[in-house]
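Enquirer: For reference, the chains in residue letters:
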Amino acid sequence: MSVKVNRDYSYVGKSLDRNDSYQKTTGRAQYTGDLKFPNMLYGKLIRSDVAHAIIKNIDTSEAEKLPGVKAIITARDVPAMKYGLSPARFDENIFCTDRVRFNGDKIGAVCAVDEETVYKALKLIKVEYEELEPVFTVEHAKKEGAPQIFEEYPGNLNTEIHHKFGDPDEAIKDAHYVRTDVFQGQRTYHAFIENHCSVGMWDGDKATLYSSCQSVHYVQYHLARVLGMKMGDLRVLKTHVGAGFGGKLDPTGLDFAAVILSKMTGQPVKMFYDHAETFLNGRGRHPITMTLTTGVDKNGKILGHKYTAVLEGGAYTGLGIASTYYAGSLLGVLYNFENYQFDAYRYVTNLPPCGAQRGHGQPQPRFAFEHHIDLIGEAIGVDPIDMRLINARDANTYTLAGYEVKSYNLKAANKMARDASGWKEKRGKLGVGRGIGVGNGGFVTGAGFCQYRTDLPHSVGMIKIYDDGTQAFVYSQAVDIGQGSDTVLLQMAAEAMGYPYEQCKMYAGDTDLSTLDFGAYASRQTLMAGWAIKRAGEDIRQKILDQAVEMFKASGKIKEGWAYIGNRELRTDDLDVKEGVVYVKQEPSLTLTFEEVARRYFVTKGVLIGRGWYHPGKLGGNHKGAAVGTSPAYSSATQIAEVKVDMETGQIECVDTWDVHDSGTIINPKLFHGQVHGAFYMGIGETIWEEVLFDKKTGKLLNGNFSEYRLPTALDMPPVLSLTLDESWEPNGPYGLKEVGEGATTPTMGAVANAIYDAMGVSMTELPITYEKVWRALKDKK
Amino acid sequence: MANCIVDKDGIKRYLVSVNVNGGVFTKVVKANTLLVNFLREELDMIGTKKGCELGDCGCCTVMLDGNAVNSCLVLAVDVDGREVTTAEGVADGEDLDIIQEKFIEHAAFQCGFCTSGMIVSSRALLNENPSPSEYEVREAIAGNLCRCTGYVNIVDAVLDAAEKK
Chain Z
1 MSVKVNRDYS
11 YVGKSLDRND
21 SYQKTTGRAQ
31 YTGDLKFPNM
41 LYGKLIRSDV
51 AHAIIKNIDT
61 SEAEKLPGVK
71 AIITARDVPA
81 MKYGLSPARF
91 DENIFCTDRV
101 RFNGDKIGAV
111 CAVDEETVYK
121 ALKLIKVEYE
131 ELEPVFTVEH
141 AKKEGAPQIF
151 EEYPGNLNTE
161 IHHKFGDPDE
171 AIKDAHYVRT
181 DVFQGQRTYH
191 AFIENHCSVG
201 MWDGDKATLY
211 SSCQSVHYVQ
221 YHLARVLGMK
231 MGDLRVLKTH
241 VGAGFGGKLD
251 PTGLDFAAVI
261 LSKMTGQPVK
271 MFYDHAETFL
281 NGRGRHPITM
291 TLTTGVDKNG
301 KILGHKYTAV
311 LEGGAYTGLG
321 IASTYYAGSL
331 LGVLYNFENY
341 QFDAYRYVTN
351 LPPCGAQRGH
361 GQPQPRFAFE
371 HHIDLIGEAI
381 GVDPIDMRLI
391 NARDANTYTL
401 AGYEVKSYNL
411 KAANKMARDA
421 SGWKEKRGKL
431 GVGRGIGVGN
441 GGFVTGAGFC
451 QYRTDLPHSV
461 GMIKIYDDGT
471 QAFVYSQAVD
481 IGQGSDTVLL
491 QMAAEAMGYP
501 YEQCKMYAGD
511 TDLSTLDFGA
521 YASRQTLMAG
531 WAIKRAGEDI
541 RQKILDQAVE
551 MFKASGKIKE
561 GWAYIGNREL
571 RTDDLDVKEG
581 VVYVKQEPSL
591 TLTFEEVARR
601 YFVTKGVLIG
611 RGWYHPGKLG
621 GNHKGAAVGT
631 SPAYSSATQI
641 AEVKVDMETG
651 QIECVDTWDV
661 HDSGTIINPK
671 LFHGQVHGAF
681 YMGIGETIWE
691 EVLFDKKTGK
701 LLNGNFSEYR
711 LPTALDMPPV
721 LSLTLDESWE
731 PNGPYGLKEV
741 GEGATTPTMG
751 AVANAIYDAM
761 GVSMTELPIT
771 YEKVWRALKD
781 KK
Chain B
1 MANCIVDKDG
11 IKRYLVSVNV
21 NGGVFTKVVK
31 ANTLLVNFLR
41 EELDMIGTKK
51 GCELGDCGCC
61 TVMLDGNAVN
71 SCLVLAVDVD
81 GREVTTAEGV
91 ADGEDLDIIQ
101 EKFIEHAAFQ
111 CGFCTSGMIV
121 SSRALLNENP
131 SPSEYEVREA
141 IAGNLCRCTG
151 YVNIVDAVLD
161 AAEKK
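Each protein sequence line maps, in turn, to chains Z and B. Residue 551 in our numbering sits at position 551 of the first sequence; the count goes up by one each step and never skips. Residue 142 in our numbering sits at position 142 of the second sequence; the count goes up by one each step and never skips.
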């Protein structure tokens, strides 16, 4: 792989301050819940308090009499069209039409003059149910004669995948060593701090919706489709977003209700969740049961691998079908082996729906595989890092599924992490109760396909230079949910234009004002919106240089410069522009400012606009489901964790960690490292502490709060040394970049779990690896 | 106790005067009005965020007479005559507080939703203890949850601010 890192960039590769620094540190940043409009009403969803039932009657009469209540809607007041991710699994309605499918399912919505009245009204609404037997586990869901949650999913089987490449049974028949392990993941939740919120406004023939979401485009698309509106008649925009991690990608009942209620009442309506309701909205990580069988040769080289994943999906599909594919589709990117069988089954249950959470379907399978490969290495006497090195993929290769992998530096990442952590001195030598472990991961840099069938480009960028040349306005429906996309997109815009970063302003995440982008998911924002905006910047640059040629020619002094260019006329390619100064390359003292050139352009030609476009092209293999996992670029990553386990109490303390992320060019190092820290944080939380719990009889959410859903605090979080690879450069990414945000959470569970195993000597195969489970395992060992 | 009036429905309402960020605001509140709602709804000071409303997340942290408290766990009637500092009041006019500057320099925030509370908790710590240890910083912000940063850059920013002060 050729190394093309241009050290001469003005803004790319610099740890510039975030563009939202002032607003976010001074309390001025507005989130959707902070918005207030004249005459605004407040609304909430009506939720079921049983898990599985036929709705017999909804009596809203008492609530309607309550002074201050403005409107109450249920399924009969709204379109019955179903929605979801893929048409074959459109299974969710705005409100339940006849049946509730989890405890907390959405039945309707109320709006009133203030919050207090809304809560009072909710208590007055009486719903009569004919209760049905609920199903809370996969075991129950697939049992003969189990209640059917959806007619369209016989046996409650929602998604089924069978991929087979090569012949794994034949390949492992005579293997040096074959091993089968079973692992169990748990249900976790994104746990962003800002609750979902939506504000709808109807102004006669057009609706405006502020939504705390990750994709204004998908919210607009789904709402317009279900509500029977033209997309242009529905403006969706966002303010600052208090994080998402996948949990703000699907449209919510709030989005639909805000638009419908604002139309009914003629007033702005703010719909909001309280904290527990965000857990009920769900879409967090699926609990997956993973069975892995692998055969290796004596060096640890994988000959064949068979893997079955069984996912508990909750009540609706949403993004769950993609999660199911992601549970198996990326393994063949990390490791290079010829024979692979992947079978997956996603079952529906009467619990809140599972969906996409940072790393999508992949983190738990990464945990399983990374621990499995360590157990194999142990059995055949091969060091864990050597096990990974012998199987890791190389750059410029194709996976079994037909994905083209350009840059890939997983081997280099392993070696760098090994050396930085002092692995050789520590592994197996730290003594009882201390351990060190490694895990690998990585992710797509943007999904190869849109969430729905379309020929739209994945991102379109536009830059407008202000009339007098003193500002550049950058437009994209990219959504900065905290990951810093606005900042890095502005850096790339400034670099491409040759214009000062400080004078660039972002207009992002507004379907009316800004230009198409599918939003923040699948680690796509920096690459896909980046390409579109870089190209828009290059368009501006070209127009500025063309204009500058005219101006140089028209000016008298330029004639002195002719000697350097010979007898021919000055051309655009004789000029360059950098940090707001246009200059003649052969005679850099001859300059014009970007501002004066841009102003002249405006005076003579009108508004100066740059346009950019990005589509990844046709990617991937031809088998069914090949689409999920395709990407223009794949990151890879290695993490190493060092832990202490109290052999008496089972308490785990992670004392040190190392991360090497193969991320291509780093656009903004300090934001990049922040992504690694946060990704590790989520990963270690899921490894040790986090699990969403439900009452086993009623399916009622038990820990929808942060004292019982246990996010790590500042006292629990270890230091993270985040390292990068200089040689990493991705030809399919603008400026050579690749993703970081999701990939960095995928090695964590494996690394921490392997360190725990190294410390305690008992293999822990069930997440989360709580202190109690460790204590019990140690007790059983004695 | 604050002055009390009873409205036509028999609900008691209390007259409170609260010093918020140096300005005194006099408002009529109900007995169950929370300080967080008083700040956000009555005074339009949206810098104080509303997260869990249960005292778990800490994003509504304000200083009450100099101590960091969760404003969702304090009643507005109880702050009559007292001093409140919110995220908006940490800077001295145009000049950012050293903690704010260091948060920016270290990229100690991402989505920013916890940042107001984080900065207020950190300010309260440094007022009390100008040169805290790393452990003391972690302890001071242990009641402020952040899902984005893993606290790494936040702890660095606060320690850096302490050294520079």
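These are computed hints drawn from the structure, not numbers from a lab. Even glycine gets a Cβ: it sits at the ideal position worked out from N, Cα and C. Please note: incorrect hints may appear among the correct ones.
Claimed, not checked - Computed list of lysine-lysine pairs in DSSO-like fashion (alpha-carbon distance at most 30 Å, straight line):
id, chain 1, residue 1, chain 2, residue 2
1, Z, Lys700, B, Lys8
2, Z, Lys65, B, Lys12
3, B, Lys12, Z, Lys36
4, B, Lys12, Z, Lys120
5, Z, Lys578, B, Lys30
6, Z, Lys126, B, Lys30
7, Z, Lys126, Z, Lys298
Unchecked claim - If you only want the chain B side, here are some residues facing chain Z, beta carbon under 8 Å, derived:
id, residue
8, Asp92
9, Ile104
10, Asn127
11, Tyr151
Enquirer: Evaluate each hint against the coordinates.
Expert: Hints, verified against the model:
Note on Z:Lys700 and B:Lys8: the hinted pairing is violated, with a Cα-Cα distance of about 40 Å set against a maximum of 30 Å. Between Z:Lys65 and B:Lys12 the CA atoms are separated by roughly 24 Å; this keeps the pair inside 30 Å, and the hint holds. Proposed proximity of B:Lys12 and Z:Lys36 is supported: the alpha carbons are some 27 Å apart, at most 30 Å. This hinted pair checks out: B:Lys12 and Z:Lys120 have alpha carbons roughly 18 Å apart, not beyond 30 Å.
At roughly 60 Å between alpha-carbon atoms, Z:Lys578 and B:Lys30 are farther apart than 30 Å, so this suggested pair is violated. Of the pairs offered as hints, the one joining Z:Lys126 and B:Lys30 holds, with about 29 Å between alpha carbons and a cut-off of 30 Å not exceeded. For a cut-off of 30 Å, the pair hint linking Z:Lys126 to Z:Lys298 is broken: about 67 Å separates their Cα positions. Interface restraint check for B:Asp92: the shortest CB-CB distance to chain Z comes to about 11 Å, outside 8 Å, so the restraint is violated.
Restraint check, B:Ile104 versus chain Z: the minimum CB separation of about 4 Å is within 8 Å; hint holds. Given the 8 Å rule on beta carbons, the hint for B:Asn127 is violated: about 18 Å separates it from the nearest Cβ of chain Z. Checking B:Tyr151 against chain Z by beta carbon gives a least distance of about 4 Å; that is within 8 Å, so the hint holds.
The structure fails to meet hints 1, 5, 7, 8 and 10 from the earlier list, while all remaining hints are met.
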